[in-house]
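Protein chains: 2
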Amino acid sequence: AKPRVGYFHLQDNSYLAEINKLYTKEVAEVKSVPVVVTEKTSIYNAITTLFLEDVGSLFVVDEEDKNLVGVISRKDLLKITIGDADINQVPVSVAMTRMPNIITIRADDTVLLAAKRLVNYEIDALPVVENFIDESGEPLEDKLKVIGRVSKTNITRVLADLGLEM
Amino acid sequence: AKPRVGYFHLQDNSYLAEINKLYTKEVAEVKSVPVVVTEKTSIYNAITTLFLEDVGSLFVVDEEDKNLVGVISRKDLLKITIGDADINQVPVSVAMTRMPNIITIRADDTVLLAAKRLVNYEIDALPVVENFIDESGEPLEDKLKVIGRVSKTNITRVLADLGLEM
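As you go down the protein sequences, you meet chains A and B in turn. Under my numbering, the first residue of the first sequence carries the number 1, and numbering increases by one thereafter. Under my numbering, the first residue of the second sequence carries the number 1001, and numbering increases by one thereafter.
Extracted from the complex, chain A is given alone in its bound form (with noise of 0.2 angstroms):
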């Protein structure tokens, strides 16, 4: 059968469905379980944490409130590690990037919108966020509670994955 104008011939309908998959997916499926540190975590054990969770930034919280305070990479880990810092001494609120200036995603947010800010704003990881809830059931505006991780090694995933069906 000859292809029609607005119609296209598809030997692989698995295809077409992987296709629209990348779409419509959203932030939830992929996102990964995010890795928390609080402000007064030391540089060198921040540094010991990226380690062991095997993850490149590593996402700050409030001691007390759980709150979203900071985002640290491995870059900023790097640029304090060869000043003058004790790192043993410095917590990781010296070197971290801060609220307001970190980029968040939300789970039900699209990949492709979580991959245009991972590019748009050079970073490495979002966290993946809802507000918290006060006594009356009322979202607060700015506490953020951190439910995920998505970096550009989920995005890249998503990518493997639809090759897959080559």
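Hints in this document: simulated from the structure, not taken from any laboratory. Accuracy of the hints is not assured; some may be wrong.
Stated by the list, open to error - Calculated pairs, PhoX-like style, for lysine-lysine (alpha carbon to alpha carbon, straight line, at most 25 angstroms):
id	chain 1	residue 1	chain 2	residue 2
1	A	Lys25	B	Lys1116
2	A	Lys79	A	Lys40
3	B	Lys1040	A	Lys75
4	A	Lys40	B	Lys1025
5	A	Lys21	B	Lys1025
6	B	Lys1021	A	Lys25
7	B	Lys1040	A	Lys21
8	B	Lys1075	B	Lys1116
What the hints assert, rightly or not - Computed, partial: chain B to chain A, Cβ under 7 angstroms:
id	residue
9	Lys1025
10	Ile1082
11	Gly1083
12	Lys1116
13	Val1119
14	Lys1152
15	Ile1155
No residue lacks a Cβ here, since even glycine has one placed at the ideal position from N, Cα and C.
Following the hints, put chain B in place on chain A, whose structure we already have.
Chain B only, in chain A's frame:
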């Protein structure tokens, strides 16, 4: 018009074109300029290069032949920096991943294959290589010339650009 079995109605042909490009796109179209140091470069200078060039991995070449001998990542640099080594004296060759353990890619391989390798081998960047040619015009099997870099950033950008069509 109702979709029929084996056909799919496409409201937007650019969407199809984008998808097709995704399956056929080659590394040559998305690769970045490689950032290269020699085996004798100090850890400290490698770190400086990493920040100046704004990359996550450096490729290490032989000082004379310029063939690929290693790859050094942010984590390799971080690991040696928190140790006892004098990072102004110690060369990158001490901390790098060496040939033949380096995963590479060719310019005419697909972006999907690059994505698979990045995920499967858990690395951040692949050197794009070609063989050096000897005097008689034959490719030298073990001598690889670095002609580019494909990282998870390049892959994420492919997906982010696809999203422009949404």
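Here is what the structure says about each hint:
Pair hint A/Lys25 plus B/Lys1116 holds up; C-alpha atoms about 19 angstroms apart against a cutoff of 25 angstroms. Distance hint between A/Lys79 and A/Lys40 is fulfilled; the C-alpha atoms sit about 18 angstroms from each other, no more than 25 angstroms. Between B/Lys1040 and A/Lys75 the CA atoms are separated by roughly 22 angstroms; this keeps the pair inside 25 angstroms, and the hint holds. Using a Cα cut-off of 25 angstroms, the hinted pair A/Lys40 and B/Lys1025 is violated, with the two alpha carbons roughly 46 angstroms apart.
As the CA atoms of A/Lys21 and B/Lys1025 are separated by approximately 19 angstroms, the hinted pair is consistent with the 25 angstroms bound. Our distance criterion of 25 angstroms between C-alpha atoms is met by B/Lys1021 and A/Lys25, whose separation comes to about 19 angstroms. Taken as a hint, the B/Lys1040 and A/Lys21 pair is broken in the structure, with Cα atoms around 48 angstroms apart against an allowance of 25 angstroms. Under the criterion of a C-alpha separation no larger than 25 angstroms, the hint pairing B/Lys1075 with B/Lys1116 is consistent with the structure, at around 21 angstroms.
Hint on B/Lys1025 is violated. Least Cβ distance to chain A is approximately 10 angstroms, over the 7 angstroms limit. Because the smallest distance between the Cβ of B/Ile1082 and any Cβ of chain A comes to about 6 angstroms, under 7 angstroms, the interface hint for this residue holds. With 7 angstroms as the threshold, the beta carbon of B/Gly1083 stays out of range of chain A, its nearest partner Cβ sitting at about 10 angstroms, so the hint is violated. The interface hint given for B/Lys1116 holds, since its Cβ lies 4 angstroms from the closest Cβ of chain A, which is under the 7 angstroms cut-off.
With a least beta-carbon distance of about 4 angstroms to chain A, the hint placing B/Val1119 at the interface is held under the 7 angstroms criterion. For the restraint placing B/Lys1152 at the interface with chain A, the shortest Cβ-Cβ distance is roughly 4 angstroms, inside the 7 angstroms limit, so the hint holds. With a least beta-carbon distance of about 5 angstroms to chain A, the hint placing B/Ile1155 at the interface is held under the 7 angstroms criterion.
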